[in-house]
Structures are given as C-alpha cells and as structure tokens.
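Enquirer: Sequence:
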Amino acid sequence: MSEADFKSQIEKIRDASDVVDIIGSYITLNRKGPHYEALCPFHKEKTPSFKVNPNRQSFYCFGCHTGGDVFSFVQKYEGVDFLHAARVLAQRAGLRIELTPGVSDHDAREKDKLLSVSQAVAGYYRNALLKSPQAQPARDYLNQRHLTPALELFQIGYSPLQSDDMIRWARGADIALELLEMAGVMARGEKGDWYDRFRGRLMFPVLDDIGQVLGFSGRLLPGDPRENRTGKYVNSPETPLFRKSRILYGMHLAKKPMLDRRSAILCEGQIDVIRCHLAGFSHAVAAQGTAITEDHARILRRSADDITLVLDGDTAGSEAGLRSIPIFIQAGLVSHVVTMPPGSDPDSFLQEQGAEALATLLTEAEPGMAFLCRIHLERNRDMPRETAVIRAAKEVIAAASKAPSSVFQEHLLTQAAAALGLTRDALRRDVIHAQSRDQQRQAHRAPEEAPATPSARIPPSEMQLLELMVHFPHCVDEAAPFLQPEHFHHPACADLYRKFLQHPGDEDWDLVRECIEEPDPVKTLAVRLITEEHHLFDTEEVQPHEIAQDLILSIRLKDMESHLRRLQDRRKQAEGQEKAKLTEACLVLRSDVETVRQGWEKARPILELHDEF
Numbered sequence: 001m002s003e004a005d006f007k008s009q010i011e012k013i014r015d016a017s018d019v020v021d022i023i024g025s026y027i028t029l030n031r032k033g034p035h036y037e038a039l040c041p042f043h044k045e046k047t048p049s050f051k052v053n054p055n056r057q058s059f060y061c062f063g064c065h066t067g068g069d070v071f072s073f074v075q076k077y078e079g080v081d082f083l084h085a086a087r088v089l090a091q092r093a094g095l096r097i098e099l100t101p102g103v104s105d106h107d108a109r110e111k112d113k114l115l116s117v118s119q120a121v122a123g124y125y126r127n128a129l130l131k132s133p134q135a136q137p138a139r140d141y142l143n144q145r146h147l148t149p150a151l152e153l154f155q156i157g158y159s160p161l162q163s164d165d166m167i168r169w170a171r172g173a174d175i176a177l178e179l180l181e182m183a184g185v186m187a188r189g190e191k192g193d194w195y196d197r198f199r200g201r202l203m204f205p206v207l208d209d210i211g212q213v214l215g216f217s218g219r220l221l222p223g224d225p226r227e228n229r230t231g232k233y234v235n236s237p238e239t240p241l242f243r244k245s246r247i248l249y250g251m252h253l254a255k256k257p258m259l260d261r262r263s264a265i266l267c268e269g270q271i272d273v274i275r276c277h278l279a280g281f282s283h284a285v286a287a288q289g290t291a292i293t294e295d296h297a298r299i300l301r302r303s304a305d306d307i308t309l310v311l312d313g314d315t316a317g318s319e320a321g322l323r324s325i326p327i328f329i330q331a332g333l334v335s336h337v338v339t340m341p342p343g344s345d346p347d348s349f350l351q352e353q354g355a356e357a358l359a360t361l362l363t364e365a366e367p368g369m370a371f372l373c374r375i376h377l378e379r380n381r382d383m384p385r386e387t388a389v390i391r392a393a394k395e396v397i398a399a400a401s402k403a404p405s406s407v408f409q410e411h412l413l414t415q416a417a418a419a420l421g422l423t424r425d426a427l428r429r430d431v432i433h434a435q436s437r438d439q440q441r442q443a444h445r446a447p448e449e450a451p452a453t454p455s456a457r458i459p460p461s462e463m464q465l466l467e468l469m470v471h472f473p474h475c476v477d478e479a480a481p482f483l484q485p486e487h488f489h490h491p492a493c494a495d496l497y498r499k500f501l502q503h504p505g506d507e508d509w510d511l512v513r514e515c516i517e518e519p520d521p522v523k524t525l526a527v528r529l530i531t532e533e534h535h536l537f538d539t540e541e542v543q544p545h546e547i548a549q550d551l552i553l554s555i556r557l558k559d560m561e562s563h564l565r566r567l568q569d570r571r572k573q574a575e576g577q578e579k580a581k582l583t584e585a586c587l588v589l590r591s592d593v594e595t596v597r598q599g600w601e602k603a604r605p606i607l608e609l610h611d612e613f
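Positions 1 to 613 (my numbering) are the ones given, in order, by the sequence shown.
What the hints contain is simulated information worked out from the structure, not anything from laboratory work. Hints are supplied without guarantee of correctness; some may be wrong.
What the hints assert, rightly or not - Here are the simulated EDC-like pairs of lysine to aspartate or glutamate, each with C-alpha atoms no more than 20 angstroms apart in a straight line:
| no. | residue 1 | residue 2 |
| --- | --- | --- |
| 1 | 256 | 520 |
| 2 | 32 | 15 |
| 3 | 51 | 506 |
| 4 | 51 | 11 |
| 5 | 602 | 546 |
| 6 | 232 | 268 |
| 7 | 131 | 164 |
| 8 | 51 | 21 |
| 9 | 12 | 575 |
| 10 | 191 | 181 |
| 11 | 113 | 181 |
| 12 | 558 | 486 |
| 13 | 602 | 550 |
| 14 | 256 | 78 |
| 15 | 558 | 578 |
| 16 | 602 | 575 |
| 17 | 523 | 495 |
| 18 | 523 | 15 |
| 19 | 131 | 81 |
| 20 | 256 | 112 |
| 21 | 12 | 45 |
| 22 | 12 | 152 |
| 23 | 44 | 181 |
| 24 | 244 | 181 |
| 25 | 244 | 260 |
| 26 | 499 | 467 |
| 27 | 558 | 575 |
| 28 | 581 | 592 |
| 29 | 256 | 306 |
| 30 | 402 | 430 |
| 31 | 402 | 305 |
| 32 | 7 | 518 |
| 33 | 256 | 21 |
| 34 | 111 | 238 |
| 35 | 256 | 208 |
| 36 | 113 | 174 |
To be verified - Derived Cβ-Cβ restraints for the label pairs, each shown as a range:
| no. | residue 1 | residue 2 | range |
| --- | --- | --- | --- |
| 37 | 509 | 177 | 49 to 57 angstroms |
| 38 | 295 | 524 | 18 to 26 angstroms |
| 39 | 562 | 63 | 17 to 25 angstroms |
| 40 | 181 | 457 | 42 to 50 angstroms |
Cβ coordinates follow ideal geometry from the N, Cα and C atoms, glycine included.
Generate coordinates for the entire structure from the input sequences, incorporating the hints supplied.
Expert: What follows is the structure, encoded as structure tokens:
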C-alpha cells in the first residue's frame, strides 16, 4: 500500500468514526451545552473533567491532560498502537480495509477473503454443535464438564466426523474448497480427496483481540479411538492469518479486564481459560499450542504490567515457567507463578475447590525470580549446595541482565539474593559483567546489525518539554521567546515544537490529526505524546512554568555548547585575523555558557542575546 493510499484509508476511517459515538460506546457521556462530559476513564476522579468536542472531533481531560481524536482514544483505552486502533475503528464502521504498509491490494483482498471464510466456518461448526445428531457426544461432554454456559461466549462448535458435511456446506455457500484449504480447515489426502482437518472434534475458534476468527483448535472427545494415534488437540496450520507465536487464546475477551487490572493470568490450555472466565477470572488467556514468545510478551505488555503463570504441577509445567519468565523480564513484565497441586489444572481445581480457592492461590503466587531460583536449585539438588547455588545464580544473572530498567533489575536481584542466600551486591557485579560481555559481542557485530547511533535517540529534555506542553498548553508561551525549533537536536521534536508554536495555549487542538501528513517518526512521536502516561509532572511542589524554564535551559545549553565546539573546530583551521576573531567569539560564548549554567534568572538575558544560535 502506497503512502497516499494509506493516508486516504485513514481519512476514510476517520470520516466514518464519530468521536461521540465511539467514545460513548466505551463510557457514559452526558451532554453539557455544545460539549459532552464524563468521568475520565484514564484516571480516578469524582467530578467529571473529561470533555468531548463533537465539532472538533476531539476529547480532552482537564484532570490528567490526556487528549486527542478517536484514534488516540482507542489507542489509550484499548492499549494498542495506531495501526491497531485504526483496524478496530475500521471494523466498527464496517469498512474492509487493509492497513499494512507494503501489502499489495491482491494480498489485502486475499486476507479479507480468509477472514470472511474463517468467520463462516466458525458459524458452520457452531450450527453443527447445536443441531447435528453427530454432535450429541460433544453436547454430552460439554454438559458433563459444566461448560455449556461458555458456548456462546467462546463460540464453541463441533466438526462432524463425516467430511462430506463440510464439502456439501461449502458448495451450498459457494465457498471454494481451495479457499478452505488456505484457511487451514480442509486438506487433501494422498489420493487428492478432500477432508475436514478437524473432523469429529470439539472446535474452539481462535480470535484476535478485536474479535476476528483467525483459526481453530480442535479437541478429540474422550473415548475417540484416534486418541492413541494422534494428539488430543490439533491446531490450524500456519496461515496468512494464523501465527501461533502471536496469538493468545481468549484475548478478545480478556483485553479490557487486563487493562482495568493491569494484570493477566496465563494458563496452559483453552479449557483452563474458559473455566477461569466462567469463574470470574476474565483476565485469563493461554498461548496457542506453543511456548511463550517475545511476541506474546509484547502483546501482553500493551494491557498488563504483571503476569501470573498458572502451571500444572509437573515437569512440563516447571519447564514452561523456566522458558517464560526470562522472556517476561526482557519485556519489562513483573511475573508470578502459581503451581497447581499434583494432578490438578485450573479447570479441575475450580470445579473441585471453587473460585475463592483459586483467588487465594493467585494472592499467594510465588514471584517469578524466586520460582527460577527454586527450580534451578531443585534441578541440582544432588550436587553440593555451593555448586547448586552457583549454577542457579548463573541462570538468574542471565535473566536479570535483560531487564529493561535499573529499578526493575534491582527488584529482581533482591528477590534472587533472598532465594539463593547471596548478597545483592555480588549478583549485581556479575550482572554488570554479563552486560559488559554482551556489549562487547554487539560491538563486533556486522555494521548492518549495529544498534542505532545515539544521535537517533530523543534527548530527554526535548521529550519532556513536549510532554509538558501536552499537559500544560500555556507553557508554549513560556518557551516561545527563548526557544526556536532550530534549537532542538532531534528533527521530529523540532517539527512537533513548530506545531505547538502554532497553537499557543490552545487546549483543544488535535496534535495527531495535524501530523497525519507528516513523516512516520513525527506521527509516531505525536501519538506517543498524546497516548502515553506521563508522571513526570504529577506534583504540586514544582510549578509547570518552573519545569519549563529548567527544560528550556537544558535544551539551549546543549545547543550553545554544540555551537562552541563548532567555533573551536573552525579556530583550529583558521589563521591570522580570522583566528583572532574566532578566539574572541569562543571566549565570549564560553562565558555565556557558564552564566546559563547558573540558573534561569541569570540565563534569561543571555538567552535573549543568543537567538541566532
């Protein structure tokens, strides 16, 4: 898809998505004159400060200073990125739009066909479960397991044992068998004959987080003679829609509860997830027939900060925990582990013990790092204690070294030190050594694999000043006399600052919409400013204008120091009178830099003199 087509599609979605209708479908809006108001969904409050402006198609909260358009609201509320929000809005508006840049129109149409046929197949399986005589054993099984209340919620179905049933249905629905093959539900035998891949199985549709059917998981019923020849569960093969490493079962139902709690329960199977939801644990999901991946962790990170792994009490459960927790650590997710009693899983435990018993286990969940230490020590229990501790520490250090922040890493090391009987300082030193070795290895990578240069990173002071102006628009007036876009080091920050200068003190203008024509880095930064939580300015002790002054000083000081270095470089190459002039200019500028470092009152007249820098 070309950039022009992408912009056109975004505008089509925007035109079809009224801000009052969209936001009103999430929260209760009350009309107040020309505007609407509500209790803000993004922070706790007793008096409504959340305003929706239908004329400008925007929203703004005067309490937490969150604002934007329908795209940024869905991003913030659903915990998704811009493209995902656009897809949600397109689906709500009934628009069949492919928004993946670089995807051809042909590929987009093929994907749309697969989505449509997968939804139709889910309906076919659902109808078979409810009406087909062949499905009686499946209905009996669901009744015995007390899963009947989940049929509609999880769209559970049944695939008739006779493959001719699906073939006749497909022909009657004018669906090509080749398309069903692409969707992963039909296959060909050695003789070229068609058959339903899931025949005779209880069917669990697998949906994405906006409710589109991507594939299926089929379960054999107890007593099926094939149970000794094939797996109890069969999943859809990898298709253009179905990517096991990026799918979490139940996410379409669990995403909102996760966002509300900022936590998730991760089970090992579909029925465990279903049982959790029926028992009130609606933030439960499961990986789809594969180990936890980095993609899974990124998906969870959008909606949750804390993941509780609920593992079967066997070796396989322990192995799953050992693989998953380091991935969660790297993603910045806090993890806990509940190990079920031997021979039990969440499904059986909830049926036997009830929801309160599971709630107790969740409350008493073992911290993820403590679990790693315990399992590694148990693995080496036949060795001397010192050897077992050294081996466990090696695994722990490897995991902790991947933590994305120092605070998170310290938290992990504190847990590990207590579990292993070591000092935190000793573990920290080894983590530093491990990170140093990683950096040395990265330094020897091929140039095309090298990380981005520091110049590509956004200076903190520039990012923080833009954040401040999102929260407190009047700070634009504070910055304008002393700060020009050219003073910014990062190009995207400079471009956005130009936008702010065009709207001094305006609390209702739409930053994201004004950036729709801008390059991707600018759009991405605009969306980030509007949608991310910013706690830097949540204080009554320091006034916004004082923070603005400090940030202006930081940006201007960096710019003046850069200019001084350029003058010094020119002086080295100069001779005679030119060198004398450059020497004098360096002395004056160095004096001004020292003055600016002394604070706002002394710096202000200097900054006014240096507008050319």
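Enquirer: The structure should be examined with respect to each hint, and the outcome stated for every one.
Expert: Hints versus structure:
In summary, the hint linking residue 256 to residue 520 is not supported, as the alpha carbons are separated by about 28 angstroms, beyond the 20 angstroms threshold. Using a Cα cut-off of 20 angstroms, the hinted pair residue 32 and residue 15 is violated, with the two alpha carbons roughly 24 angstroms apart. About 14 angstroms separates the Cα atoms of residue 51 and residue 506, which keeps this hinted pair within 20 angstroms; it holds. Under the criterion of a C-alpha separation no larger than 20 angstroms, the hint pairing residue 51 with residue 11 is inconsistent with the structure, at around 23 angstroms.
Under the criterion of a C-alpha separation no larger than 20 angstroms, the hint pairing residue 602 with residue 546 is consistent with the structure, at around 14 angstroms. A threshold of 20 angstroms between alpha carbons decides the hint, and for residue 232 with residue 268 the separation of about 14 angstroms falls inside it, so the pair holds. A threshold of 20 angstroms between alpha carbons decides the hint, and for residue 131 with residue 164 the separation of about 17 angstroms falls inside it, so the pair holds. A hinted pair counts as satisfied when its Cα atoms are at most 20 angstroms apart, and residue 51 with residue 21 qualifies at roughly 14 angstroms.
Between residue 12 and residue 575, the direct Cα distance comes to roughly 62 angstroms. Violation of the 20 angstroms bound is thereby established for this hinted pair. With a C-alpha separation of about 16 angstroms, the suggested pairing of residue 191 with residue 181 holds against the 20 angstroms cut-off. Restraint check for residue 113 and residue 181: the C-alpha separation of about 12 angstroms stays at or below 20 angstroms, so the hint holds. For the proposed pair residue 558 and residue 486, the alpha carbon gap of about 12 angstroms is at most 20 angstroms, so the pair holds.
A distance of roughly 13 angstroms separates the Cα atoms of residue 602 and residue 550; the hinted pair therefore holds under the 20 angstroms criterion. Between residue 256 and residue 78 the alpha-carbon distance is near 7 angstroms, which keeps this suggested pair within the 20 angstroms criterion. Only pairs whose Cα atoms come within 20 angstroms are accepted, and residue 558 paired with residue 578 is rejected, the gap being roughly 25 angstroms. Of the supplied pair hints, the one linking residue 602 and residue 575 is violated, its CA atoms being roughly 34 angstroms apart against a limit of 20 angstroms.
Under the criterion of a C-alpha separation no larger than 20 angstroms, the hint pairing residue 523 with residue 495 is consistent with the structure, at around 10 angstroms. Between residue 523 and residue 15 the alpha-carbon distance is near 19 angstroms, which keeps this suggested pair within the 20 angstroms criterion. Of the pairs offered as hints, the one joining residue 131 and residue 81 is violated, with about 41 angstroms between alpha carbons and a cut-off of 20 angstroms exceeded. The hinted pair formed by residue 256 and residue 112 fails the criterion: a straight-line CA distance of about 26 angstroms is larger than 20 angstroms.
Annotation: proposed proximity of residue 12 to residue 45 is violated, straight-line Cα distance about 35 angstroms (limit 20 angstroms). For the suggested pair residue 12 and residue 152, the alpha carbons sit about 33 angstroms apart, so the restraint of at most 20 angstroms is broken. A threshold of 20 angstroms between alpha carbons decides the hint, and for residue 44 with residue 181 the separation of about 50 angstroms lies outside it, so the pair is violated. A threshold of 20 angstroms between alpha carbons decides the hint, and for residue 244 with residue 181 the separation of about 18 angstroms falls inside it, so the pair holds.
With a CA separation close to 26 angstroms, the supplied pair residue 244 and residue 260 exceeds the 20 angstroms bound. In summary, the hint linking residue 499 to residue 467 is supported, as the alpha carbons are separated by about 13 angstroms, within the 20 angstroms threshold. As the CA atoms of residue 558 and residue 575 are separated by approximately 28 angstroms, the hinted pair breaks the 20 angstroms bound. Between residue 581 and residue 592 the alpha-carbon distance is near 17 angstroms, which keeps this suggested pair within the 20 angstroms criterion.
With a CA separation close to 15 angstroms, the supplied pair residue 256 and residue 306 stays within the 20 angstroms bound. At most 20 angstroms may separate the alpha-carbon atoms for a hinted pair to count; residue 402 and residue 430 meet this at roughly 13 angstroms. Using a Cα cut-off of 20 angstroms, the hinted pair residue 402 and residue 305 holds, with the two alpha carbons roughly 17 angstroms apart. Distance hint between residue 7 and residue 518 is fulfilled; the C-alpha atoms sit about 10 angstroms from each other, no more than 20 angstroms.
Among the hinted pairs, residue 256 with residue 21 is consistent with the structure: their alpha-carbon atoms are about 19 angstroms apart, no more than 20 angstroms. Straight-line distance between C-alpha atoms of residue 111 and residue 238 comes to about 14 angstroms, which keeps the hinted pair within the 20 angstroms bound. Our distance criterion of 20 angstroms between C-alpha atoms is met by residue 256 and residue 208, whose separation comes to about 13 angstroms. Distance hint between residue 113 and residue 174 is fulfilled; the C-alpha atoms sit about 13 angstroms from each other, no more than 20 angstroms.
Between residue 509 and residue 177 the C-beta distance comes to about 54 angstroms, which sits within the given range of 49 to 57 angstroms. Residue 295 and residue 524 have their C-beta atoms about 20 angstroms apart, which keeps the hinted 18 to 26 angstroms range intact. Look at residue 562 against residue 63: about 39 angstroms separates their beta carbons, and that is not inside 17 to 25 angstroms. The hinted window of 42 to 50 angstroms between residue 181 and residue 457 holds, with their beta carbons roughly 47 angstroms apart.
Checked against the numbered hints given earlier, this structure breaks hints 1, 2, 4, 9, 15, 16, 19, 20, 21, 22, 23, 25, 27, 39; the rest are met.
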